[in-house]
Amino acid sequence: MSSKEKLPFPGADRAKLLLPGNQYEDFEVGQVFEHHWGRTLNGGDNALFSCLTLHFNPNYFNAEYARANGHDRILVNPLLVFNTVLGMSVEDLSERGGPFLGINELTHHRSVYEGDTLVARSTVLDKRESTSNPDVGIVTWCTEGFNQHDELVIDYRRSNIVAKRGRRARI
Amino acid sequence: MSKAAEVQGRRFFEDYAVGDVYKHFRGKTVKESDAVTICNMVLNSASGHFNDDVMSGTAIGESIVYGGVTISMVIGLAAQDTAENAIRELAMDNIKLLAPVKHGDTLYAYSEVLDAAEHDEGGVVTFRHYGVNQHDKLVFQGERTVLIKKRPG
Numbered sequence: 001m002s003s004k005e006k007l008p009f010p011g012a013d014r015a016k017l018l019l020p021g022n023q024y025e026d027f028e029v030g031q032v033f034e035h036h037w038g039r040t041l042n043g044g045d046n047a048l049f050s051c052l053t054l055h056f057n058p059n060y061f062n063a064e065y066a067r068a069n070g071h072d073r074i075l076v077n078p079l080l081v082f083n084t085v086l087g088m089s090v091e092d093l094s095e096r097g098g099p100f101l102g103i104n105e106l107t108h109h110r111s112v113y114e115g116d117t118l119v120a121r122s123t124v125l126d127k128r129e130s131t132s133n134p135d136v137g138i139v140t141w142c143t144e145g146f147n148q149h150d151e152l153v154i155d156y157r158r159s160n161i162v163a164k165r166g167r168r169a170r171i
Numbered sequence: 172m173s174k175a176a177e178v179q180g181r182r183f184f185e186d187y188a189v190g191d192v193y194k195h196f197r198g199k200t201v202k203e204s205d206a207v208t209i210c211n212m213v214l215n216s217a218s219g220h221f222n223d224d225v226m227s228g229t230a231i232g233e234s235i236v237y238g239g240v241t242i243s244m245v246i247g248l249a250a251q252d253t254a255e256n257a258i259r260e261l262a263m264d265n266i267k268l269l270a271p272v273k274h275g276d277t278l279y280a281y282s283e284v285l286d287a288a289e290h291d292e293g294g295v296v297t298f299r300h301y302g303v304n305q306h307d308k309l310v311f312q313g314e315r316t317v318l319i320k321k322r323p324g
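Note that the protein sequences, when read in sequence, are chains U and W.
As numbered in our numbering, the first sequence has no gaps in its residue numbers, which increase by one up to the final residue, 171.
As numbered in our numbering, the second sequence has no gaps in its residue numbers, which increase by one up to the final residue, 324.
Next up, chain U with everything else stripped away, as it sits in the complex (with noise of 0.2 Å):
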């Protein structure tokens, strides 16, 4: 069978990949990333990821104890709130990376309700080289996770291992 036989469709030769995301390289400190998209939260995520994780307050799945509790609507679970905000800064930062290290400085400023809408942006504040392993550095960001109205609702450190150019980071 000739390789032209073996393709998925005729062209299929001819894509060129459409790569995301960034590497070592790309990184300078001071670099801000706006991330994109963008997320509203409802109440079927909220529910969800609460209860897939046991994550029993009732705040977060009970709309007449958040009431009583002193809130107009219920809360969004703040580890959400945190998936979230690093899910949408996972393109820019690290998709092309390799293992997530760590957090540090996480804090909650203010609550989420369901219904509310999530963005995202990260500052660069250091990058080195790997001491042990010469295909990889490891990156550190400031991560800011807004609301709807631009008020600051959570923000972290994140490090990780991001591959250099033509690399791949061991996993």
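The set of hints was computed from the structure by calculation and includes no laboratory data.
Some clues are possibly wrong.
Said to hold, decoys possible - If you anchor each label on the Cβ, the simulated ranges turn out as follows: (1) K194(W) <-> T117(U): 35 to 41 Å; (2) K308(W) <-> T107(U): 28 to 34 Å; (3) S204(W) <-> F56(U): 16 to 22 Å; (4) K267(W) <-> H36(U): 26 to 32 Å; (5) G21(U) <-> G232(W): 20 to 26 Å; (6) D26(U) <-> K321(W): 46 to 52 Å.
Claimed, not checked - In silico DSBU-like cross-links for lysine-lysine, where the CA-CA straight-line distance does not exceed 35 Å: (7) K174(W) <-> K321(W); (8) K127(U) <-> K16(U); (9) K308(W) <-> K267(W); (10) K308(W) <-> K320(W); (11) K16(U) <-> K273(W); (12) K320(W) <-> K267(W); (13) K273(W) <-> K164(U); (14) K199(W) <-> K273(W); (15) K194(W) <-> K267(W); (16) K320(W) <-> K194(W); (17) K164(U) <-> K267(W); (18) K194(W) <-> K174(W); (19) K273(W) <-> K127(U); (20) K164(U) <-> K202(W); (21) K6(U) <-> K273(W); (22) K308(W) <-> K164(U); (23) K321(W) <-> K267(W); (24) K202(W) <-> K273(W); (25) K164(U) <-> K6(U); (26) K273(W) <-> K308(W); (27) K267(W) <-> K127(U); (28) K164(U) <-> K127(U); (29) K199(W) <-> K174(W); (30) K127(U) <-> K308(W); (31) K320(W) <-> K199(W); (32) K308(W) <-> K199(W); (33) K194(W) <-> K321(W).
To be verified - Selected chain W positions facing chain U (in silico; Cβ < 10 Å): (34) M172; (35) G180; (36) T208; (37) I209; (38) C210; (39) I235; (40) V240.
Note that beta-carbon positions come from the ideal geometry of N, C-alpha and C, so glycine has one too.
Given the coordinates of chain U, assemble chain W onto it according to the supplied hints.
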């Protein structure tokens, strides 16, 4: 007030003493349905968490659980005992992912009370949570600070 509004958790601020260590009763096997659902619903676009084909070429050989799922699952397993009466989650720090978690691994949670202080609205408690897999290997640890209700009356 309706019965739904009056549900009440069991542990209050007064139940936490600095130095206490708790083993939480439940563990959870992190299924693909848990990890991939959460990874995708929060827009985490890293293929390593949901494309087994790409990951089959790596040393680990299959997609790995997104670290945010590990963090959330361990804190969730600790939540009935450390968050059921939370008024507000305040902060997290020194979160470390120490070993990869694969689909089908089982996580268990432990918590240690690092600090407990009175507050106008209740008390502020700092826990260090530990996540351990089915081989008793530490896969996660991290600190979490939370404002917790005082016992009524």
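Now for the hints, and whether the structure bears them out:
1. Between K194(W) and T117(U) the beta carbon distance is about 39 Å. The supplied range of 35 to 41 Å therefore holds.
2. The hinted range of 28 to 34 Å is satisfied by K308(W) and T107(U), whose Cβ atoms lie roughly 30 Å apart.
3. In this structure the supplied range 16 to 22 Å holds for S204(W) paired with F56(U), their Cβ-Cβ distance being about 20 Å.
4. Taken as a hint, the range 26 to 32 Å holds for the pair K267(W) and H36(U), whose Cβ atoms sit roughly 29 Å apart.
5. Checked against the hint of 20 to 26 Å, the C-beta distance between G21(U) and G232(W) comes to roughly 23 Å, which is consistent with it.
6. For the pair D26(U) and K321(W), the beta carbons lie near 50 Å from each other, so the given range of 46 to 52 Å is met.
7. Taking the CA atoms of K174(W) and K321(W), the gap is about 20 Å. The hint holds against a cut of 35 Å.
8. With a C-alpha separation of about 30 Å, the suggested pair K127(U) and K16(U) falls inside the 35 Å cut-off, and the hint holds.
9. Only pairs whose Cα atoms come within 35 Å are accepted, and K308(W) paired with K267(W) is accepted, the gap being roughly 14 Å.
10. Restraint check for K308(W) and K320(W): satisfied, since their Cα atoms lie roughly 33 Å apart, inside the 35 Å limit.
11. Between K16(U) and K273(W) the alpha-carbon distance is near 32 Å, which keeps this suggested pair within the 35 Å criterion.
12. A threshold of 35 Å between alpha carbons decides the hint, and for K320(W) with K267(W) the separation of about 28 Å falls inside it, so the pair holds.
13. Pair hint K273(W) plus K164(U) holds up; C-alpha atoms about 25 Å apart against a cutoff of 35 Å.
14. The suggested pairing of K199(W) with K273(W) holds, with an alpha-carbon distance near 13 Å, which does not exceed 35 Å.
15. For the hint pairing K194(W) with K267(W), the CA-to-CA distance comes to about 19 Å; that is within 35 Å, so the pair holds.
16. Proposed proximity of K320(W) and K194(W) is supported: the alpha carbons are some 22 Å apart, at most 35 Å.
17. Taking the CA atoms of K164(U) and K267(W), the gap is about 23 Å. The hint holds against a cut of 35 Å.
18. At most 35 Å may separate the alpha-carbon atoms for a hinted pair to count; K194(W) and K174(W) meet this at roughly 31 Å.
19. Proximity of K273(W) to K127(U) is assessed by CA-CA distance (about 28 Å); at most 35 Å being required, the pair is judged to hold.
20. Only pairs whose Cα atoms come within 35 Å are accepted, and K164(U) paired with K202(W) is accepted, the gap being roughly 32 Å.
21. Of the supplied pair hints, the one linking K6(U) and K273(W) holds, its CA atoms being roughly 34 Å apart against a limit of 35 Å.
22. A hinted pair counts as satisfied when its Cα atoms are at most 35 Å apart, and K308(W) with K164(U) qualifies at roughly 30 Å.
23. For the proposed pair K321(W) and K267(W), the alpha carbon gap of about 30 Å is at most 35 Å, so the pair holds.
24. Proximity of K202(W) to K273(W) is assessed by CA-CA distance (about 9 Å); at most 35 Å being required, the pair is judged to hold.
25. Straight-line distance between C-alpha atoms of K164(U) and K6(U) comes to about 33 Å, which keeps the hinted pair within the 35 Å bound.
26. A distance of roughly 13 Å separates the Cα atoms of K273(W) and K308(W); the hinted pair therefore holds under the 35 Å criterion.
27. Between the alpha carbons of K267(W) and K127(U) the distance comes to roughly 19 Å, so the proposed pair stays at or under 35 Å and holds.
28. Taken as a hint, the K164(U) and K127(U) pair is honoured in the structure, with Cα atoms around 12 Å apart against an allowance of 35 Å.
29. Restraint check: the Cα-Cα separation between K199(W) and K174(W) comes to about 30 Å, which is no more than 35 Å; the hinted pair holds.
30. Straight-line distance between C-alpha atoms of K127(U) and K308(W) comes to about 30 Å, which keeps the hinted pair within the 35 Å bound.
31. With a C-alpha separation of about 27 Å, the suggested pair K320(W) and K199(W) falls inside the 35 Å cut-off, and the hint holds.
32. Distance hint between K308(W) and K199(W) is fulfilled; the C-alpha atoms sit about 15 Å from each other, no more than 35 Å.
33. Proximity of K194(W) to K321(W) is assessed by CA-CA distance (about 22 Å); at most 35 Å being required, the pair is judged to hold.
34. Annotation: M172(W) was flagged as interfacial toward chain U, and the flag holds, the nearest CB pair being 6 Å apart, inside 10 Å.
35. The beta carbon of G180(W) comes within 8 Å of a beta carbon in chain U, closer than 10 Å, and the hint placing it at the interface holds.
36. Because the smallest distance between the Cβ of T208(W) and any Cβ of chain U comes to about 7 Å, under 10 Å, the interface hint for this residue holds.
37. Hint status for I209(W) relative to chain U: holds, with the closest Cβ pair at about 6 Å, below 10 Å.
38. Hint on C210(W) holds. Least Cβ distance to chain U is approximately 8 Å, under the 10 Å limit.
39. Annotation: I235(W) was flagged as interfacial toward chain U, and the flag holds, the nearest CB pair being 7 Å apart, inside 10 Å.
40. Hint status for V240(W) relative to chain U: holds, with the closest Cβ pair at about 8 Å, below 10 Å.
Hint compliance for this structure: every hint is met.
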